[in-house]
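Chemist: Residues per chain, in single letters:
2 protein chains.
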Amino acid sequence: MNKPKINTMEELSTAIGVSRPTLSRYFQDPDSVRSSTSEKIRRGLERVEYIPNFFATRMNRKTTGLIGVIFPHLKDLFFTSLLEAIETAAMEADLTIITQSSHGDPAIETRAVEQLLSMNADGVIVAPLGENSDVDALSRVAGRLPFVFIDSRLRDALPDVDFVGTDNRQSVSLITDYLCRTGSPPVFLGMPRLNSNSFEREAAYIAEMKHLGHDPVIVSTNIKGDGWAFEAYAHEVMDDLFSRGHLTESTILCANDRLAIGAIRAASRHGLFSRGREGRRILRIAGHDDHPSSRFMTPALTTAAQDTEAIGRGAVRILTERLRKSSGASDKPVFQLHEAVLRVRESA
Amino acid sequence: MNKPKINTMEELSTAIGVSRPTLSRYFQDPDSVRSSTSEKIRRGLERVEYIPNFFATRMNRKTTGLIGVIFPHLKDLFFTSLLEAIETAAMEADLTIITQSSHGDPAIETRAVEQLLSMNADGVIVAPLGENSDVDALSRVAGRLPFVFIDSRLRDALPDVDFVGTDNRQSVSLITDYLCRTGSPPVFLGMPRLNSNSFEREAAYIAEMKHLGHDPVIVSTNIKGDGWAFEAYAHEVMDDLFSRGHLTESTILCANDRLAIGAIRAASRHGLFSRGREGRRILRIAGHDDHPSSRFMTPALTTAAQDTEAIGRGAVRILTERLRKSSGASDKPVFQLHEAVLRVRESA
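Respectively, the protein sequence lines represent chains A and B. Counting in our numbering, the first sequence tops out at residue 428, every number present. Counting in our numbering, the second sequence tops out at residue 428, every number present.
Okay, chain A solo, but in the shape it has when bound (with noise of 0.2 Å):
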């Protein structure tokens, strides 16, 4: 605690007596100097409290080790269990890790990217906004860094930037399969219309359900929800629907726990969560992800649980693949799709 503390390059080279040149070559790679001043640098360094400038010493090489990870909103756990992932892989392959939040906001989600491309960041992950995300200001960034879209895509635009995420076809049929085999086939309770993973499980399901012979039915509304508040959507939908006496017997598939947490609220809240022969659930409630909540709802979610470690390392190996081989430009994009496995708990 009581080393002198350097606040500069010129103390630090008057205090260890190496010039400063030498200094600087030895922060940007200490074995391209004499191993006899490396180690006097070395122990020079041990008697002060002086911190390296984080980017002047990454100034001159190619690389920065900054790795941008941009979210729609970080009050969500399923993008927080995402970016724990990342973090853990991004600290095992010594890259920096800076989060930035959307906001919900196409406006904040530019100016994010567009300030990781100011920092000189590696690379960058984004969980788009989707429908709202502003595609020019996306694909300017993508045409300069490797670039990773994770969790969802923009649907029109930018198909060649790289992609990680569930596969939703896999993950719909496997509990469309289920809760069909279990009990009566579902009706599906999609998100609002924001992103890509709102338009494929719908597919998903519709698909699912023609080949097992089933007609689909999507619980339609109009109810507006802000975007991203879904348990409150999906609260305000499915309490409307009870309160008129509708869907009170069904199996409900929701396209994420969130919604399937706001759906099961309504349900307790009108009683419906009684037994009927042979003790069985009449109402059955299922979601998708397996949301870190959800196992602690009562009854207990049960869900297609996303596999979120892998698709936070796949977006932190895309990225090390694409900075390893700098001129991959003419490269093929990645496209990475995980598969969800089942949680069968209390409510289906």
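Any given hint could be a false lead.
Same chains, same names: a pair is fine if it fits in one copy or spans any two.
Below, computed lysine-lysine pairings styled on BS3-like, alpha-carbon distance capped at 25 Å [as the list claims (entries may be wrong)]:
1. Lys-290 <-> Lys-83
2. Lys-85 <-> Lys-412
3. Lys-120 <-> Lys-83
4. Lys-304 <-> Lys-155
5. Lys-120 <-> Lys-85
6. Lys-405 <-> Lys-304
7. Lys-85 <-> Lys-405
8. Lys-290 <-> Lys-304
Bear in mind the hints are in silico, worked out from the structure with no lab data behind them.
Following the hints, complete the assembly by docking chain B onto the known chain A.
Modeler: Okay, now just chain B, sitting in the frame of chain A:
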């Protein structure tokens, strides 16, 4: 989209016909060059695609506009609620937030604060791990940068660091008093001994119970949670007690909402949410925080709501004040406490 891409200051100088030193001065302070020159640069920048380097343009400024935020975990909606409040306040003050999670690991917390120092951050907001934090590392950083503890602080170290959080004495008294007025006096389920909140809330409960003439009762347990997995910890503790017939008709005040969510889950599994005479619940569970999920529980959670908005804004305001009066090292530390409000729902 077809503007020529400019990657360096040299290229920019050639492209718009202004010397490099003048450009540098312009990016550091547009008012430092003649107005005709700054107009020429502005028009030139519109014709090309150039993103000035974030750090290069700030190299000679006193400030980078970069604020670091470190939280124990991001898979916790209480912390991400605080984070969104910080981000919103920072955007209004034209500051950029860099967030890092310490994943509950003191070594990662230390690495994160030191990295923020090396990035020349203007200030740091830390919700410390608490009992496990590396006091030496935190005090090293606090000695160099404006530094604010948020939500909790170290108990026996760094008393001179600014702090903003909830007045646990007020918040716990508020809900304890409410519970005593409306039913049986509460027993207290604390969180694992992680940080100042765990100690302060227990002490506040004991003081308020004594003040009201009741015997404080702390739920004691041999179960060791893995630190931050509060729901699972509380579920295990209460499931064990309920299985042995304990506390099944009591009032349980939990030190945070995530504990209460786990306790509600255990109570639901044991079928304890029946109603007694006059429709009153016999078992009652209350929390502390108003976690975003609490209103969607069944029963919906009664809790003391922390003012995350005010706490997040407060932290940013303290830092911006410190930055304004740069030599204010001798100032007294700020100790800013916000009051909680009661949210009466169904669980108590």
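Chemist: Each hint needs a verdict: does it hold in this structure or not?
Modeler: Going down the list of hints, with the structure as the test:
Taking the shortest alpha-carbon separations for Lys-290 and Lys-83, neither the intra-copy value of 73 Å nor the inter-copy value of 49 Å comes in at or below 25 Å. Taking the shortest alpha-carbon separations for Lys-85 and Lys-412, only the inter-copy value of 23 Å comes in at or below 25 Å, while the best intra-copy value is 50 Å. Only within a single protomer do Lys-120 and Lys-83 lie at most 25 Å apart by alpha-carbon distance; the minimum there is 17 Å, versus 50 Å between protomers. With identical chains, the CA atoms of Lys-304 and Lys-155 are at most 25 Å apart within one copy only, with a shortest distance of 20 Å there and 28 Å across copies.
Taking the closest pair of Cα atoms, Lys-120 and Lys-85 come within 25 Å of each other only inside a single copy of the chain (18 Å); across copies the shortest separation is 43 Å, beyond that limit. In this homomeric assembly, Lys-405 and Lys-304 never come within 25 Å of each other (Cα to Cα): the closest approach is 46 Å inside a single copy and 47 Å across copies. Taking CA atoms no more than 25 Å apart as the test, Lys-85 paired with Lys-405 passes between copies only; the shortest distance there is 22 Å, against 40 Å inside one copy. Proximity of Lys-290 and Lys-304 under a CA criterion of 25 Å is satisfied in neither setting, with 28 Å inside one chain copy and 50 Å between copies.
Comparing the model with each earlier hint shows violations of hints 1, 6, 8; every other hint is respected.
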